[in-house]
Structures are given as structure tokens and as C-alpha cells.
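The residues making up each chain are set out below.
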Amino acid sequence: MSTADQERLDRLERRLRELEDDREIRQLVASYGPAVDTGDAEATAALWTTDGSYDVGGMEKPFVGAEAVGNLVTIPGHQGYLARGCAHVMSAPVIHVDGDRATANCYSRLYLHDDDHWVVARVSSNRWELERTADGWRVARRENRLLDGDEAARALLRP
Amino acid sequence: MSTADQERLDRLERRLRELEDDREIRQLVASYGPAVDTGDAEATAALWTTDGSYDVGGMEKPFVGAEAVGNLVTIPGHQGYLARGCAHVMSAPVIHVDGDRATANCYSRLYLHDDDHWVVARVSSNRWELERTADGWRVARRENRLLDGDEAARALLRP
Amino acid sequence: MSTADQERLDRLERRLRELEDDREIRQLVASYGPAVDTGDAEATAALWTTDGSYDVGGMEKPFVGAEAVGNLVTIPGHQGYLARGCAHVMSAPVIHVDGDRATANCYSRLYLHDDDHWVVARVSSNRWELERTADGWRVARRENRLLDGDEAARALLRP
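Protein chains in written order, with this note's numbering: chain L, 4 to 162; chain F, 4 to 162; chain C, 4 to 162.
Next comes chain L alone, as it looks inside the complex (with noise of 0.2 Å):
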């Protein structure tokens, strides 16, 4: 094969590995509703690095470590949730790659549940630190500001 085809070859593939980088980001973010929506706290924390952390809008201070950010599923709020009937839903993210760390930008909800409906009990803006490891992607840090009119939750919004 001729140089220009190779060239044309690893063009391609690195092509190729950006869109897959983009849809493995997004199953990522998606996958992180029905991990806490069924209180599994091993797969919540299988959505993060070791060392990565999650700052909640709303709380006092974040969960560092993807064992605690896992375990935001046994305390008794959470539980309760689960309980009555929730349902936390990610808007598409927009998505940047750098090499190996990405942000991806998106709206969450909280659905709960209320009788014959379902109340709206959260909005928030999220921005998600993301790490290529040799596992795939992972969250290294994720913040989360509950859009009340606060500036704070607009910023997670900017890219």
C-alpha cells in the first residue's frame, strides 16, 4: 500500500475513534439514571475513576471517591426516592474531546412520584469531567447546580 493510502487508512481510523469516543461518553452519561434509579451502588461507582469525585447542587460537600459517590444511593434521601418512585433523566450532552479528557455539558431531572403524577423536584445544569482510562471513560469529576436563577448553575452550562 502506497504511503498516501496508509495515510488515508489512519485517517480514517482516527475518525472512526473519535465517533466511538462520542458514543461511549453518552452511554456513559446515560447509563448513570439507571444505576442510582435501581440503588446499585457498585455500577454507580463503576461510572467513575477511583479517584473522581461528584459535587452535588443542593449539598453540603461533594463525594470524592467512586466508592462514596456510589454509596449516595443507600442514604436515607435516595432511598426514599426510590421508594415513592424517581427517575433521574440526562438531556443529550454536548460533548468536547481532548485527547484523553472530555467535558460534556447537559440538563438531569428528578422525577418524582405523586399520586397520579410525577413532580419535577430537580433541574439541574451538569458539567462532566471525563478520563479516557485503559477500562474506557470514566468520570473524574462531575458538578451539578440546581437551575433556580443562581449563576453558579448557568456556568456548568458554558462549555
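Hints were generated in silico from the structure; no laboratory data involved.
One or more hints might be untrue.
In this list, chains with the same sequence are indistinguishable; a pair is considered to hold if it fits within one copy or across any two.
Unchecked claim - List of simulated lysine to any residue pairs, SDA-like, C-alpha gap at most 25 Å:
id : residue 1 : residue 2
1  : 64        : 6
2  : 64        : 9
3  : 64        : 134
4  : 64        : 155
5  : 64        : 13
6  : 64        : 11
The hints should help you fit chains F and C onto chain L, whose structure is shown.
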């Protein structure tokens, strides 16, 4: 072309096919809402395999066969939704493809118009079982359960 | 490289380009919410072609031209949303690409903060007409109608 180069091309084609499957399945799932919210029985039926089924949370028995699934848009309850103003909105599915079969897990929400706002009338978990047919991916089976605290609903969010 | 191999590479590149179009259009649509919910007129305008338009349901006339579309974030109604806390969230679009033109059909929802929850203040159907420009895909025309039972809204969900 050398055998090594041929194999490189084979791999590229395989990876591309996986991304195309992902895109096609996403489009299929995203097409459900527009089909039922325009009251289009034919477009709804066309998403399913001929003998596919849809097991809807809160209903006595599943719809069996593409035609029966399509005809759900003609039932009085659904016609009432259309007259009132409705939106059946899917979240981004978590997709797993295994050859000519695939599963997709996601949330769905039904918004109904009510005066100056919309009520979140249903929030459900969904498990789609999909098949690759000669005409592309189709729904072989969809299960849907209300996220009202019932374990059966949470089960549909597991991979 | 043989002609057959060259054609194989051509096909690969074509299929890859289709997936890249799909990704780019999804990112474009997903970028609308973050642009308007941060009150960023420039970022909003940048999504449209110079002479593109946005026909918003419930308003007297469409915004015409990227600059006018971007300036919608400065109108008092929108500034009130920002102060109160708002989220303009798109569903995954159903995308059809035809050369340098494309359409995308999706739902949008406007969530507004209200004390201890968020109100679903708007649920709309959307039809985006997109154009491939020298700088990538841009919005040539977007139509949006409230899903309040009106046939005009249902029409925007049809392919």
C-alpha cells in the same frame, strides 16, 4: 493489498457497522414519540417486527403484533391525549448490540397539556428488545413500567 | 491499491461522513438550550445561518436572521426566565440528511423554577431545517409549536 491491510479494512468496516447500528437504534427509539403523537398507526406499526409486542405498564395485557401495536393510537384514551395535547418523550437509551439482536434501556415520559402548563402524567422505565431484519432494526418486544416505586419498573432499567 | 480497494475506501469514507453529520447535527441541536439558558446571544446566533429564522409557537412573528434569533435572549420574558431559573431541553432528534441539507424533528420542553419544584411551562414539537456551510452544519429554519392539541404542532413531528 496485503493480508494485514485487508484485515485493517475489515476491522474498520466492523467498527463502522457498530456505530451505524447504534445510530439506527437511537433513531428507531426516537421515532416512537412522533409516530404516536401524530396518531399515525402505520408509522407506529412500522417500528415493530410483524410479530413484535408492546407490554405497557398499567394495562391489562400486552399488544401483540405490529398491527395491534400501531392501533394503540386509535383507542379512546390515546385519542383523548391527542386532542388535549401530548408528548411521549424518550431519554437517550443505553444500547447493547449482540450480533443481530440488541437491547435498549431508557426512560419515557408522557406530558399532557393542562391549561397554562403540562402535567407529567407518566414516567416509565423501558426495555426494548430489538432485531436486525432485512429492512433494518425493528422492535421485537418493548416493556414499559410506571416508576411509581414498584420493583418491576426498576428491573427494566437493569442491563 | 486496486480499483476495488479504492472503492471500498471510498464507501468507508462516505459512511463515516454520514455518521459525522449525524453527530454534528445532534451537537448543534443540543447546544441550543445551554446557549439560551446562559443568556448568550452570540452563542445562540452562532447556531443559525446568517439569514436563518426561528418561528416560535405562541409568538406573533418569526425571528429572521441569526442576529435577531440570538437577541431573543435579551427580551424581558426570557430575562425573567433566567432570573427565575429555566431549562430549555431538547429530546433526541430524528435526523434525515440529504446531501448538504438535513431535517431534525424533536420535542422541546421549558422547565421553570417555582419554589420547591419546576413547572413544565412549554412542551413543543420542533422541525429544524439545517444546512451544511463552510463552517459546519447550521440552522436555516426552526419551527416550534406548543403541543396543546393543535394540529399545527403535530405537523412538525412528521418527517
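Quick rundown of the hints versus the structure:
| no. | hint | in the structure |
| --- | --- | --- |
| 1 | 64 / 6 | neither (55 Å within a copy, 57 Å between copies) |
| 2 | 64 / 9 | neither (51 Å within a copy, 54 Å between copies) |
| 3 | 64 / 134 | within (22 Å within a copy, 45 Å between copies) |
| 4 | 64 / 155 | within (15 Å within a copy, 34 Å between copies) |
| 5 | 64 / 13 | neither (45 Å within a copy, 50 Å between copies) |
| 6 | 64 / 11 | neither (49 Å within a copy, 49 Å between copies) |
The structure does not agree with the numbered hints 1, 2, 5 and 6 stated previously, though it agrees with the rest.
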